[in-house]
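Protein chains in written order, with the working numbering: chain A, 846 to 1123; chain B, 1464 to 1731.
FYI, nobody ran anything at the bench for these hints, they're computed from the structure. Quick reminder that beta carbons are idealized off the backbone N, C-alpha and C, glycines included. Treat the hints loosely; a few may be bogus.
Derived coverage of chain A by chain B (criterion: at least 3 residues anywhere in the stretch with Cβ under 8 Å from a Cβ of chain B; other residues may be distant) [stated by the list, open to error]:
{"no.": "1", "segment": "875 to 884"}
{"no.": "2", "segment": "990 to 1001"}
{"no.": "3", "segment": "1009 to 1016"}
{"no.": "4", "segment": "1052 to 1059"}
So the derived label-pair ranges between C-beta atoms look like this [as the list claims (entries may be wrong)]:
{"no.": "5", "chain 1": "B", "residue 1": "Gly1675", "chain 2": "A", "residue 2": "Ala981", "range": "55 to 63 Å"}
{"no.": "6", "chain 1": "A", "residue 1": "Ala1120", "chain 2": "B", "residue 2": "Ser1613", "range": "20 to 28 Å"}
{"no.": "7", "chain 1": "A", "residue 1": "Ala1120", "chain 2": "B", "residue 2": "Asp1695", "range": "53 to 61 Å"}
{"no.": "8", "chain 1": "B", "residue 1": "Arg1597", "chain 2": "A", "residue 2": "Arg879", "range": "49 to 57 Å"}
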Amino acid sequence: MEIFEYAFMQRALLGALITGLIAPALGIYLVQRRMALIGDGIGHIALTGVGLGLLTGSAPVLTAVVVAAAGAVAVELVRQRGRASGDIALALLFYGGISGGVFLVALSSGRTNANLTAYLFGSPLTTTGPDLAVMAVLGGLVLAVTLLLRPWLFAICHDEEYAHVAGLPVRALNLLLAVTTAVTVTVAMRAVGLLLVSALMVVPVATAQLVTRGFRSTMYLAMAIGVLASALGVGIAGVYDTAPGATVILVAIATFALLATGLGAVRGWRRRRTAAGT
Amino acid sequence: MSPADTPVIDRPGVPVVDVRGATVAYERTPVLTGVDLRVSAGEVVAILGPNGSGKSTLVKAILGLAPLVAGSVALFGATGSGVRRHRHRIGYVPQRLGAGSGVPATVGEVVAAGRLARRGLRPPRPADRDAVARAIAAVGLTRRADDPVSALSGGQQQRVLIARALAAEPDLLVLDEPTAGVDATSQDAFADALRSFVSGGGTVLLVAHELGPLQPLVTRAIVIHSGRVAHDGAVPEPTGYHALPGHEHVHPHARTDRTGIWGPGWDQ
């Protein structure tokens, strides 16, 4: 595809590949814990960080990391309490985060030409060299945590009570997972946007576990699917001039739908063949 | 450094479990009141009692999962934060596998998680992989090691949990109703695994509703009733119609002014 001869397309593709690789690697732990949508909430909170960055003239990515990390730690504290009112606390955090973000971005509009939708739904085509460097460094951190600490993160997400009894540093691991979630959200912000990042954390994992039997195999396949959907999505967006972030997510969802119907058809065919007695 | 790299030598005669005057309350309602329990090395102690008697709460208090309002719990002679360096010596087998995981996991992966208690944060050594393989073999699931846990029967899943506890090569096994709703094959596999653990010098504390094939292993029984210890000694054997499921809970011979061993609600 000659469209990738343009440097801006190459940067967009690289950013999307980093996102596609790390989002499922982190997301699998959230899915395992049945907190698949928590990434969406952290994305809401991160927007306040973006607003703060734009308003104070600092790099929005860095302020977003800090605010999202603080929000993720707050979410983790709410989860640890396990109170019935936890839902309400999360709603306050998430909607406070997104409205605070919209408010601050609007305040800063006189000073910058920043576009709110670029942060909410991604703008990979405007990825700069320095942007890419930040994404690569933060993405490397996310990969290091999610791959190297897999046995321990698996243990706390699989059965937290058991991990406590076994003497694992459960609280520290939980906080690390929360902060890593925040970093992943921020890295993905440029490629797919804060409102779509959660999809790339969850959909590839859901797709992978249609065919996998174990945790490790699910993780690797989900990462491959994430990379594939990102590459394909950015490619399609480049050729047909569609919204890149949304295209990536639609490709991921289409992969899930195709695999699910394909498997369903194969299983149905096998059942009929067995029933026919051949 | 991993927990196992710090050798722990117990002073002789120190009980493995020493509970004194333990009181636990949920939302101010006392669930356990002044419970004393001492378990020495090599004992197999069954905690019996009707539903809601507080027997599972006692286990949770011992494991540090339920906070004490009063009293103390010592494990291997250590209390409070001192228990931390003994954590890898405790194998816990919960009633069932949590709320269930959202992602598939193989038998081998779940059992390997149990080994982390002894591994600490260091990379795995051959000894760790051997211990995991031995634990899976001990419950007779070697051929299912690469199967997802969700594809196993309830009884087999329960065996995965005991293998996870055994993988840490613990000195104390704590089991919370391990055989509830488990098929006969799995109950026997369970009893075999427990028998070899005990013959290796292990100590067992087990909450049970019915002992089944585990009965011959049990050396002492505690009966909890309404949050208090109602009996501590030999295994009380329900005989005749008491042993049948769904029998009537009429005890015309029992004095009504004191708590019976098999108080109301006991349905075995």
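Going down the list of hints, with the structure as the test:
Proximity of the segment 875 to 884 of chain A to chain B, defined as three or more residues with a beta carbon under 8 Å from a beta carbon of that chain, is established by the 5 residues found. Check result for the segment 990 to 1001 of chain A against chain B: holds, 4 residues qualifying (beta carbon to beta carbon below 8 Å, three or more required). Judged by the Cβ-Cβ criterion of 8 Å, the segment 1009 to 1016 of chain A is covered by chain B as claimed, because 5 of its residues qualify and three suffice. Coverage of the segment 1052 to 1059 of chain A by chain B holds in this model, with 4 residues showing a Cβ closer than 8 Å to a Cβ of that chain against a need of three.
As the Cβ distance of Gly1675 (chain B) to Ala981 (chain A) is approximately 58 Å, the hint placing it in 55 to 63 Å holds. Checking the proposed 20 to 28 Å range against Ala1120 (chain A) and Ser1613 (chain B) shows it holds: the Cβ atoms sit about 25 Å from each other. Checked against the given bound of 53 to 61 Å, the beta carbons of Ala1120 (chain A) and Asp1695 (chain B), roughly 59 Å apart, stay inside it. The hinted range of 49 to 57 Å is not satisfied by Arg1597 (chain B) and Arg879 (chain A), whose Cβ atoms lie roughly 32 Å apart.
The earlier numbered hint that this structure contradicts is number 8, and it is the only one.
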